[in-house]
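Assemble the whole structure, with the sequences as input and the hints as a guide.
Residue numbers (full-length UniProt numbering), protein chains in the order written: chain A, 1 to 128; chain B, 1 to 128.
Please note that the accuracy of each hint is not assured.
Which copy is meant is left open, because identical chains are indistinguishable; a pair holds if it fits in one copy or across any two.
[To be verified] Pairs of lysine to any residue, SDA-like flavour, derived with a Cα cap of 25 Å:
id, residue 1, residue 2
1, K4, G127
2, K72, S124
3, K72, L109
4, K27, D128
5, K72, P120
6, K72, S126
7, K93, S58
8, K72, A123
9, K4, G24
10, K93, P13
11, K4, R18
12, K27, G11
13, K72, E60
Just so you know, the hints here were simulated from the structure itself, not pulled from any lab data.
Number of protein chains: 2
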Amino acid sequence: MNIKQAAEASGLPPKTIRYYEQIGLIKPARSANSYRDFSETDVHNLAFIARARALGFSIEDCRALLALYEDKSRASADVKAIAQRHLDEIEAKILQLAEMRDTLSALVLACRGNHRPDCPILASMSGD
Amino acid sequence: MNIKQAAEASGLPPKTIRYYEQIGLIKPARSANSYRDFSETDVHNLAFIARARALGFSIEDCRALLALYEDKSRASADVKAIAQRHLDEIEAKILQLAEMRDTLSALVLACRGNHRPDCPILASMSGD
DNA sequence: CCTTGACCTTCCAGTCATTGGAACCCTTAC
DNA sequence: GTAAGGGTTCCAATGACTGGAAGGTCAAGG
Chain A
1 MNIKQAAEAS
11 GLPPKTIRYY
21 EQIGLIKPAR
31 SANSYRDFSE
41 TDVHNLAFIA
51 RARALGFSIE
61 DCRALLALYE
71 DKSRASADVK
81 AIAQRHLDEI
91 EAKILQLAEM
101 RDTLSALVLA
111 CRGNHRPDCP
121 ILASMSGD
Chain B
1 MNIKQAAEAS
11 GLPPKTIRYY
21 EQIGLIKPAR
31 SANSYRDFSE
41 TDVHNLAFIA
51 RARALGFSIE
61 DCRALLALYE
71 DKSRASADVK
81 AIAQRHLDEI
91 EAKILQLAEM
101 RDTLSALVLA
111 CRGNHRPDCP
121 ILASMSGD
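Following this line, the structure appears as structure tokens:
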């Protein structure tokens with residue numbers, strides 16, 4: 001299977017697939033004409049990575065998860081540890097963004113947004 | 001004022017301040033010895049940028065906000081538009097992260113996390 | 001047989017907002 | 001004189017792609 005088919009089947013752009021090969025995430029075979037030749041397993045792994053990325057896992061997490069996925073004697077505790085750590089990071093980021101949102105929405109509400117220059121948003125950022 | 005004092009007064013690392021000068025966000029004077037010489041206004045602008053960055057504004061947004069801040073005939077509507085757009089982006093990102101969190105926390109809950117290989121997390125990422 | 005268009009290849013550069021390090025200069029105190 | 005603790009510049013790396021250039025390959029149509 002050529003890269004375009006693999007891209008359509010996995011939902012990843014060809015550029016991204018080439019990048020994943022470059023960093024050693026996948027190792028597709030090559031045809032005689034030097035084209036990449038993707039097996040069903042390659043496509044499956046690409047879709048695996050795509051789903052992990054959609055959950056926000058880093059590339060290095062994906063590498064570790066893929067290795068665990070291929071290790072039939074893995075311990076599910078190892079997978080869970082990676083997922084739990086990532087979940088903690090997501091929750092921390094949500095808290096941080098919620099704080100920004102609260103501050104910012106209060107400022108936006110307070111700003112009249114007209115032709116005049118007085119603005120609580122700028123006032124807040126200039127230190128009141 | 002040397003860069004270290006400006007860093008302490010603004011809460012930004014010296015490296016970051018040099019970077020902000022490099023991209024034209026600030027334009028501190030230079031002493032005879034080629035050291036940067038920060039005025040009170042420079043430090044004030046740095047603190048302004050630091051607060052805007054803490055609210056998640058991009059550097060380009062900071063540039064625009066700083067320009068509006070210095071323009072005494074600005075319209076607060078222009079400030080509000082930038083802030084509202086950024087607020088929308090934050091809210092979109094929170095929704096996206098909350099979705100990741102929901103999916104991921106369900107998977108983490110479902111995973112026993114023991115020495116055995118069966119794992120709903122990997123199962124989900126491999127396409128069930 | 002030739003051309004056209006849609007593929008494919010590699011490599012280089014850019015994104016965003018820093019951060020680290022190297023190599024070197026300046027100032028102050030002892 | 002020298003050591004500590006500033007300062008300077010420039011280059012390279014981060015993460016995860018993405019765009020573009022220059023060129024090779026392949027199937028179909030004239």
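Status of each hint after checking the structure:
| no. | hint | verdict |
| --- | --- | --- |
| 1 | K4 x G127 | between (53 Å within a copy, 21 Å between copies) |
| 2 | K72 x S124 | between (56 Å within a copy, 16 Å between copies) |
| 3 | K72 x L109 | between (55 Å within a copy, 21 Å between copies) |
| 4 | K27 x D128 | between (57 Å within a copy, 23 Å between copies) |
| 5 | K72 x P120 | between (59 Å within a copy, 14 Å between copies) |
| 6 | K72 x S126 | between (58 Å within a copy, 14 Å between copies) |
| 7 | K93 x S58 | both (15 Å within a copy, 17 Å between copies) |
| 8 | K72 x A123 | between (59 Å within a copy, 13 Å between copies) |
| 9 | K4 x G24 | within (19 Å within a copy, 43 Å between copies) |
| 10 | K93 x P13 | between (27 Å within a copy, 22 Å between copies) |
| 11 | K4 x R18 | within (11 Å within a copy, 44 Å between copies) |
| 12 | K27 x G11 | within (18 Å within a copy, 46 Å between copies) |
| 13 | K72 x E60 | within (20 Å within a copy, 49 Å between copies) |
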